[in-house]
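**Q** Work out the full structure, taking the sequences as your base and the hints as a guide.
2 protein chains.
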Amino acid sequence: MNKNYEHYRALKAKIADINAAIAVLSWDQEVNMPPDGFAFRAQQLSTLSGILHDLSTSKEFEEVIAQLINDDTLSFKEKKNVQESFRIITRDKKLPTEFITKLSRLVSESYEAWIRARAANDYEVFAPYLEKIVQMHREKAELIGYKDHPYDALLDDYDQGLTTKELDRVFADVKVKLTAFVHKLKTHKQPDTSLLNGPFDKTKQMELCRVIATDLGYKWSAGRIDLSAHPFSTSFSPQDSRITTRVSETNLAESIWGTIHETGHAMYEQGLPTSEYGLPSGEAISLAIHESQSRLWENNVGKSWPFINAYWSIFQQFFPDNFKEHKALDFFKAINISEPNLIRINSDEVTYHFHILLRYEIEKGLIDGSYKVDGLDKVWNQKIKEYLGLEVPSAKDGILQDIHWSHGSIGYFPTYSLGSFYAAQFFHFASLAIPGLDKQIENKEFSHLLHWLHENIHQYGHIYTSQEICQKVCGEELDYKYFDAYLHRKYGLVYGF
Amino acid sequence: MNKNYEHYRALKAKIADINAAIAVLSWDQEVNMPPDGFAFRAQQLSTLSGILHDLSTSKEFEEVIAQLINDDTLSFKEKKNVQESFRIITRDKKLPTEFITKLSRLVSESYEAWIRARAANDYEVFAPYLEKIVQMHREKAELIGYKDHPYDALLDDYDQGLTTKELDRVFADVKVKLTAFVHKLKTHKQPDTSLLNGPFDKTKQMELCRVIATDLGYKWSAGRIDLSAHPFSTSFSPQDSRITTRVSETNLAESIWGTIHETGHAMYEQGLPTSEYGLPSGEAISLAIHESQSRLWENNVGKSWPFINAYWSIFQQFFPDNFKEHKALDFFKAINISEPNLIRINSDEVTYHFHILLRYEIEKGLIDGSYKVDGLDKVWNQKIKEYLGLEVPSAKDGILQDIHWSHGSIGYFPTYSLGSFYAAQFFHFASLAIPGLDKQIENKEFSHLLHWLHENIHQYGHIYTSQEICQKVCGEELDYKYFDAYLHRKYGLVYGF
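Taken in sequence, the protein lines are chains A and B.
Taken in order, the first sequence gives residues 1 to 497; the numbers are from the numbering used here.
Taken in order, the second sequence gives residues 1 to 497; the numbers are from the numbering used here.
In short, the hints are calculated from the structure, not lab data.
A couple of the hints might just be wrong.
A pair holds if it fits inside one copy or across any two, identical chains being indistinguishable in the list.
What the hints assert, rightly or not - Below, a list of computed lysine-lysine pairs in the DSBU-like style, where the Cα atoms sit at most 30 Å apart: (1) Lys219 <-> Lys202; (2) Lys3 <-> Lys102; (3) Lys184 <-> Lys204; (4) Lys184 <-> Lys439; (5) Lys372 <-> Lys324; (6) Lys3 <-> Lys59; (7) Lys490 <-> Lys439; (8) Lys59 <-> Lys202; (9) Lys59 <-> Lys324; (10) Lys132 <-> Lys372; (11) Lys324 <-> Lys472; (12) Lys184 <-> Lys102; (13) Lys327 <-> Lys184; (14) Lys444 <-> Lys490; (15) Lys372 <-> Lys184; (16) Lys175 <-> Lys383.
**A** Rendered as structure tokens:
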């Protein structure tokens with residue numbers, strides 16, 4: 001037993017414990033807290049965050065890592081953990097405390113400005129704050145350093161090792177192939193979606209969410225489902241990984257596929273090794289890989305024809321009045337309709353990626369100076385016109401729709417699209433490895449797929465980067481072609497080509 | 001603005017934030033947590049407790065209090081806060097770290113031994129651990145110091161300033177007057193309780209619990225009710241003070257009066273001044289005063305004839321099949337039946353106090369050496385025979401029934417009885433101050449009573465001790481006679497004398 005490593009592991013466990021406490025208080029705030037509780041809860045969360053920061057940047061922690069980083073007796077996994085902790089500490093030390101404080105104050109002000117700007121439906125109210133946010137992120141990129149492009153320094157925060165070069169490569173495909181695909185869809189008749197209008201009994205929707213999550217393999221002994229205004233998943237350990245959903249009488253898809261999405265996230269967390277709690281080897285790889293798990297279950301599995309075909313009799317059983325006149329194929333087509341939407345979070349899985357493409361282009365341009373904050377709303381509107389063929393009627397439905405920039409999250413958006421592309425690629429390789437996977441889905445048999453994800457992705461924690469796990473699982477780098485093929489296969493059935 | 005005091009206040013707020021986080025994680029554990037979550041939750045709670053301990057015993061905290069304790073510029077309330085913090089720090093410093101560590105280890109072992117002893121129904125399995133617990137508490141009393149009796153040093157932990165002298169005085173009354181009272185009850189016919197056997201619809205019980213808590217004045221914007229195995233109340237701030245209950249189909253009293261009890265605790269917390277969050281002036285006085293609030297609402301209000309009379313039509317409305325043949329008076333008599341029970345927590349509000357009397361006598365005797373652990377089960381059984389007229393069939397139903405000693409809680413039990421006695425005395429003085437209080441209760445009008453409790457008790461936080469608040473509210477010390485009078489008045493109606 002290496003004493004330094006045990007010390008490091010104990011400190012990381014303590015940090016994880018505080019992180020878990022923050023997560024419990026946050027979950028409670030979204031799910032249970034009575035309205036008057038907000039002010040003191042905010043204060044309690046802020047105190048815990050302060051303690052977390054003190055622990056993560058303590059001299060003690062830094063010193064033990066400094067000793068371990070050159071320790072040749074460590075195992076491969078131990079080395080990887082220490083290296084990852086060293087990387088984060090080294091990066092964080094490049095940002096002076098005054099910079100962090102200033103950014104944190106700016107983010108608070110920007111968030112308030114964004115709220116005001118949305119209320120006034122006026123980009124000009126938010127623009128001066130966005131200007132400062134951009135300036136500080138350009139500064140941040142310089143402080144952290146980068147090889148090719150300043151935006152790379154920011155991307156790295158959300159997905160270690162992700163670069164503008166890789167995104168340029170992937171999104172070049174999006175721009176050409178996805179545009180062509182959307183043009184193709186336009187030449188076909190839209191499916192009828194009226195059968196999704198409800199009303200659907202809310203209690204039955206919740207019941208069905210439970211049935212499906214159970215079938216997929218969600219472990220209830222290590223999780224639970226609740227209602228919240230915005231669905232999310234959260235994890236306090238692999239032994240307690242929870243999901244929330246929302247239920248609308250007029251939107252069955254929101255509860256069911258929202259739940260499948262969150263279940264995908266939660267099953268990733270449940271699949272992390274408990275023995276590595278608190279360590280990089282016990283945590284998820286990145287936002288992109290996390291999103292690949294949720295979208296794989298939501299889209300590649302949950303919105304596939306074998307899945308819908310398998311569950312059609314159950315849907316009919318739960319909602320006999322809604323579906324007695326329809327066939328499984330009607331339902332399959334309806335939930336897979338593709339239709340450009342001004343709002344990212346309301347978009348379908350095809351046109352969604354143009355939303356990310358335009359945000360990627362804008363963020364990258366803001367950071368390298370090729371775009372200006374001044375007049376950016378017009379740039380936004382032009383791109384929406386170009387990519388989605390839509391006119392943006394007002395800033396609220398355009399550049400002011402997302403919270404991210406006001407939160408200081410620049411470099412985050414691309415991970416959403418990468419999640420879909422990784423999902424398609426992983427699902428392809430899972431299909432090769434699991435003979436008859438489609439047939440299994442048709443039989444509501446998901447355990448082999450979940451096991452494959454556990455074995456090939458979850459069990460490693462964050463020993464590998466997104467790029468490395470992709471190489472390990474697929475023997476190649478991320479390739480958009482799998483997503484393209486997946487769309488063609490599925491939408492061929494939906495649109496009849 | 002006094003800089004030292006602001007510093008002190010900020011440190012106390014931070015300590016309160018960690019305490020609140022521990023409370024949220026504990027609440028979640030009882031109410032929500034999936035079963036696999038236990039191991040990591042225990043670890044997370046232990047980390048938070050460690051941080052709490054470090055903060056409460058930090059040099060920084062100690063120094064700022066040392067500076068403030070002689071600061072003459074402080075207001076009355078500020079002085080009281082500083083004095084209370086100084087008192088606790090001074091007391092805690094008397095216990096060496098090795099003593100604390102040893103006690104904490106002993107408590108873990110004792111708890112396990114108690115579980116084993118209960119399973120084996122064998123006092124001898126627990127006795128060696130109880131012996132050590134007693135030894136360490138005798139040692140603790142010597143370390144902390146006391147004026148008259150070593151047990152006083154332990155009582156002080158749960159109710160600052162409480163002494164053996166005061167308890168001897170109060171329990172002398174219990175021994176004489178309550179014994180006489182029970183003998184009196186025995187000469188009368190027991191009421192028929194069959195109407196309480198149910199079955200009572202569980203959903204309706206929960207609904208009724210909500211109706212009653214709302215009527216009493218529980219603020220739902222700052223609280224909520226949930227189910228848990230053991231009912232409790234917990235508070236994360238005066239703005240978020242929650243209750244739990246349990247619901248049994250065959251025991252209406254458990255849910256309804258259990259809820260009223262916890263609501264009483266929670267309304268105390270809701271009544272504490274938010275501006276004093278984290279300070280002694282923002283926290284409850286003591287266990288005894290806390291219990292006085294829960295029992296006042298549960299017994300003096302909730303089990304009174306005006307209350308039952310007021311709610312009878314509601315009970316009938318909720319459970320028409322159960323109560324259609326009965327009258328309000330039948331129900332009133334049934335819920336107030338007095339009948340000796342071997343188990344403390346199943347006891348009625350009359351005979352309950354013999355359970356506390358015997359535990360008080362035993363604890364005091366163990367600490368001053370007049371009782372021995374060896375053969376203590378026989379002492380217990382003799383006292384149960386003497387006070388309750390019951391034979392103890394086995395250790396599980398006798399000396400092994402409570403968790404407290406195995407937890408190292410010696411000096412805790414008396415606060416339960418004091419709660420009832422304070423409740424009767426406070427209620428008496430509230431009745432004098434609020435003309436027509438009985439009439440108000442009959443009209444389901446509780447706001448004047450709650451306001452009176454807020455104004456006379458809650459608003460002061462812990463500026464005063466139990467004894468001081470009693471003097472302030474009643475102009476006299478705690479006196480058993482109010483409880484005696486209350487029993488005579490109520491049970492006269494129940495038993496017809």
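**Q** The structure should be examined with respect to each hint, and the outcome stated for every one.
**A** Going down the list of hints, with the structure as the test:
In this assembly of identical chains, the alpha carbons of Lys219 and Lys202 lie at most 30 Å apart whether taken from the same copy (23 Å) or from different copies (28 Å). In this assembly of identical chains, Lys3 and Lys102 lie within 30 Å of each other by CA distance solely across copies; the values are 25 Å between and 39 Å within a copy. In the homo-oligomer, the alpha carbons of Lys184 and Lys204 never lie at most 30 Å apart, since the shortest distance is 37 Å inside one protomer and 58 Å across protomers. In this assembly of identical chains, Lys184 and Lys439 lie within 30 Å of each other by CA distance solely inside one copy; the values are 29 Å within and 79 Å between copies.
Neither within a single protomer nor between protomers do Lys372 and Lys324 lie at most 30 Å apart by alpha-carbon distance, with minima of 55 Å and 77 Å respectively. In this assembly of identical chains, the alpha carbons of Lys3 and Lys59 lie at most 30 Å apart whether taken from the same copy (17 Å) or from different copies (29 Å). Taking the shortest Cα distances, Lys490 and Lys439 sit within 30 Å of each other inside one copy (16 Å), while across copies they are farther apart (73 Å). Taking the closest pair of Cα atoms, Lys59 and Lys202 never come within 30 Å of each other, the shortest separation being 53 Å inside a single copy and 56 Å across copies.
Proximity of Lys59 to Lys324 under the C-alpha cut-off of 30 Å is found in neither arrangement, the shortest distances being 67 Å within a copy and 73 Å between copies. In this assembly of identical chains, the alpha carbons of Lys132 and Lys372 lie at most 30 Å apart only when taken from the same copy (12 Å versus 74 Å across copies). Taking the shortest alpha-carbon separations for Lys324 and Lys472, neither the intra-copy value of 47 Å nor the inter-copy value of 73 Å comes in at or below 30 Å. Taking the shortest alpha-carbon separations for Lys184 and Lys102, neither the intra-copy value of 49 Å nor the inter-copy value of 75 Å comes in at or below 30 Å.
Taking the shortest alpha-carbon separations for Lys327 and Lys184, only the intra-copy value of 25 Å comes in at or below 30 Å, while the best inter-copy value is 77 Å. With identical chains, the CA atoms of Lys444 and Lys490 are at most 30 Å apart within one copy only, with a shortest distance of 19 Å there and 64 Å across copies. Taking the shortest alpha-carbon separations for Lys372 and Lys184, neither the intra-copy value of 34 Å nor the inter-copy value of 90 Å comes in at or below 30 Å. Proximity of Lys175 to Lys383 under the C-alpha cut-off of 30 Å is restricted to the intra-copy arrangement: shortest distance 12 Å within a copy versus 87 Å between copies.
This entry does not satisfy hints 3, 5, 8, 9, 11, 12 and 15, going by the numbered hints stated previously.
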